[in-house]
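For reference, the chains in residue letters:
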Amino acid sequence: MVESTSDGVLRAPLTLEYPFTRTTGPVVGGFLTGLREGMVLGAKRADGTVLCPPLEYDPISSDPLTELVEVGQSGTVTTWTWNGEPRAQQPFDQPFAWAMITLDGADTPMLHGVFVDGPEAMSTGMRVSLQWKEEREGHIADIAGFVPEEAS
Amino acid sequence: MSGSKQRAAVIGVGQTKYASTRGDVSLAGLVREAAYRALEMAGKQWSDIDAVVIGKAPDFFEGIMMPEIYLAEALGCVGKPILRVHTAGSVGGSTAVVATSLVQAGIHGTVLTLGFEKQSESNAMWALSLPSPFTTSINAGAGGYFSPIIRRYMEYSGAPELIGCMVALKDRQHALNNPYAHVQDHELTFDKVVESPMLWDPIRYSETCPSSDGACAMVLTDETGAEAHDGAVAWIHGTAMRSEANNYGGRNVVSPKASEDCAADVFAQAGITNPREQIDAVEMYVPFSWYEPMWLESLGFAEKGEGWRMVESGATKHEGGDLPVNCSGGVLSTNPIGASGMIRFAEAALQVMGEAGAHQVDGAKTAFGHAYGGGAQYYAMWVVGAEKP
Numbered sequence: 001m002v003e004s005t006s007d008g009v010l011r012a013p014l015t016l017e018y019p020f021t022r023t024t025g026p027v028v029g030g031f032l033t034g035l036r037e038g039m040v041l042g043a044k045r046a047d048g049t050v051l052c053p054p055l056e057y058d059p060i061s062s063d064p065l066t067e068l069v070e071v072g073q074s075g076t077v078t079t080w081t082w083n084g085e086p087r088a089q090q091p092f093d094q095p096f097a098w099a100m101i102t103l104d105g106a107d108t109p110m111l112h113g114v115f116v117d118g119p120e121a122m123s124t125g126m127r128v129s130l131q132w133k134e135e136r137e138g139h140i141a142d143i144a145g146f147v148p149e150e151a152s
Numbered sequence: 001m002s003g004s005k006q007r008a009a010v011i012g013v014g015q016t017k018y019a020s021t022r023g024d025v026s027l028a029g030l031v032r033e034a035a036y037r038a039l040e041m042a043g044k045q046w047s048d049i050d051a052v053v054i055g056k057a058p059d060f061f062e063g064i065m066m067p068e069i070y071l072a073e074a075l076g077c078v079g080k081p082i083l084r085v086h087t088a089g090s091v092g093g094s095t096a097v098v099a100t101s102l103v104q105a106g107i108h109g110t111v112l113t114l115g116f117e118k119q120s121e122s123n124a125m126w127a128l129s130l131p132s133p134f135t136t137s138i139n140a141g142a143g144g145y146f147s148p149i150i151r152r153y154m155e156y157s158g159a160p161e162l163i164g165c166m167v168a169l170k171d172r173q174h175a176l177n178n179p180y181a182h183v184q185d186h187e188l189t190f191d192k193v194v195e196s197p198m199l200w201d202p203i204r205y206s207e208t209c210p211s212s213d214g215a216c217a218m219v220l221t222d223e224t225g226a227e228a229h230d231g232a233v234a235w236i237h238g239t240a241m242r243s244e245a246n247n248y249g250g251r252n253v254v255s256p257k258a259s260e261d262c263a264a265d266v267f268a269q270a271g272i273t274n275p276r277e278q279i280d281a282v283e284m285y286v287p288f289s290w291y292e293p294m295w296l297e298s299l300g301f302a303e304k305g306e307g308w309r310m311v312e313s314g315a316t317k318h319e320g321g322d323l324p325v326n327c328s329g330g331v332l333s334t335n336p337i338g339a340s341g342m343i344r345f346a347e348a349a350l351q352v353m354g355e356a357g358a359h360q361v362d363g364a365k366t367a368f369g370h371a372y373g374g375g376a377q378y379y380a381m382w383v384v385g386a387e388k389p
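Chains A and B, in that order, give the protein sequences.
Heads up: the first sequence begins at 1 in our numbering, then just goes up one per residue.
Heads up: the second sequence begins at 1 in our numbering, then just goes up one per residue.
No lab work stands behind these hints: they were computed from the structure.
Be aware that one or more of the hints could be misleading.
[To be verified] In the SDA-like style, the derived pairs of lysine to any residue whose C-alpha atoms are separated by at most 25 angstroms in a straight line are: (1) 80/B x 47/A; (2) 44/B x 61/A; (3) 44/B x 62/A; (4) 44/A x 69/B; (5) 44/A x 17/B; (6) 17/B x 26/A; (7) 44/A x 91/A; (8) 44/B x 63/A; (9) 17/B x 22/A; (10) 44/B x 66/A; (11) 44/A x 78/B; (12) 80/B x 137/A; (13) 44/A x 45/B; (14) 304/B x 258/B; (15) 17/B x 55/A; (16) 44/B x 45/A; (17) 44/B x 55/A; (18) 17/B x 63/A; (19) 17/B x 23/A; (20) 80/B x 55/A; (21) 17/B x 24/A; (22) 44/A x 79/B.
As the structure is a prediction and not an experimental result, all values here were calculated from the model.
Produce the entire structure from the sequences given, and follow the hints as far as they go.
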């Protein structure tokens, strides 16, 4: 639909929408299936270090990473930023911290939300614990978020 | 060879099994499968590769922006140059041409080049029919764009109505000799092709390409590498690319100037003066059946208006034809868009390497790989040979 405006400029809406699907493959698919079952899996590298979330191919050697191992459901915040006014399309509707969290038994951090009262309650090196959603479907959002370890 | 270009050759080809949905692998797993097979044939390790040149159709086909970055680990490319090529449907061919130029220029000794598409993750047909403000969208897809051009060819050449069906049957029968090909229809007959529903008059459903998941890769190397290689080699005798706008006054839509110029260039580089005589096997980009006779004419394999006679006489069949076209089954049997051009180039290489298996053209010494894209606007071609140029 074209509308004519007082400034003489023609305007028309344009909405582009495409449906996309993803084949997740055995490694990322394994990680997502683990979440549905209430466990967090990482990929074990040749030197024994664990990537969580897992990658299909080693970031240094490019070797296929096929061994998935369970890691802990508590971990350490390695860095964070405070989001005091979440916007409509962000994953949480309450103030939260975006945090990089290295789970116990993993050597790399994952990005997720930490729920505390305010930024003064956040610190690098703090311990946090994972909270699951009741209904899980094999998605990163099956993890409801993280809270300080002593509060869990 | 012109100027100070160095010689370049193909020493490895790798393809995935093509299918409508490769639900067993992620995008990374898909490209890895093709790349690994190309390395295996070349007898190379990841550490032997100096750079990766990768191509695919536009990003919105799968909805991953700049996927080459995410795929670097799967392609053994961490810490190495990776270059992405964008030329719509011809991209697989253009990607191989760019990779060749890096070797010919002496910039890299050994290059992995790869094209891919995972059409199951989106809907490329309608992604090509974007609505646009202030115009009416006819939502016709690629077939809707090409059908009037094909009609124009039929009228101009006087070709019998069922020539396209003959091409469709031929390529689907060729595909039965290629275990990687997507469409494998052992029950197909000429009558079934003809009776197939008319999608975009005059294009029947049976005369269109499928939507495929797949990847195709090649290892290219310089003269020293090719001579040291313990296995079959396809020497690159010429490469060319051309583009033109898809809509301008006086444009010959049936045989675009960019197509004719590109062919003239690549044949001149390869010393080919009579393509039909001197080329032993052709892998041509034919997503809609009628493009076989149209390209035969545009590329100089047939006189203008006569390409359909080659189809009708069986000249382009693997069995008994003097110019076998698409012995692999072609785009009509396998179409992972971003890979489709590279498959043409790779299949041409396999023919002169003598490694095409059941679809090998006996004694093929010189082969031609061809790709086109957009509104028949973008062209990439190469000539490969068993002998060093």
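Given pair status - residue 137/A, residue 80/B, alpha carbons within 25 angstroms: violated, 38 angstroms
Given the hinted pair residue 44/B and residue 63/A, is their alpha-carbon gap at most 25 angstroms? holds, 15 angstroms
Between residue 80/B and residue 55/A, is the straight-line Cα distance small enough, at 25 angstroms or below? holds, 19 angstroms
Restraint check for residue 17/B with residue 24/A, where alpha carbons must lie at most 25 angstroms apart: holds, 18 angstroms
Check the hint pairing residue 44/A with residue 79/B against an upper bound of 25 angstroms on the C-alpha distance. holds, 22 angstroms
Does residue 62/A lie within 25 angstroms of residue 44/B when you go C-alpha to C-alpha? holds, 14 angstroms
Tell me if the straight-line CA distance from residue 304/B to residue 258/B falls inside 25 angstroms. It holds: about 16 angstroms lies between the C-alpha atoms, which stays within 25 angstroms.
Could you grab the alpha-carbon distance between residue 17/B and residue 63/A and see if it respects the 25 angstroms cut-off? holds, 21 angstroms
Is residue 17/B close enough to residue 22/A, meaning Cα to Cα at most 25 angstroms? holds, 19 angstroms
Is the hinted pair residue 44/B and residue 61/A satisfied, with a Cα-Cα distance of at most 25 angstroms? holds, 15 angstroms
Between the alpha carbons of residue 44/A and residue 91/A, is the straight-line distance 25 angstroms or under? violated, 29 angstroms
Between residue 44/B and residue 45/A, is the straight-line Cα distance small enough, at 25 angstroms or below? Measuring from Cα to Cα gives roughly 23 angstroms; hence the hint holds.
This entry does not satisfy hints 5, 7 and 12, going by the numbered hints stated previously.
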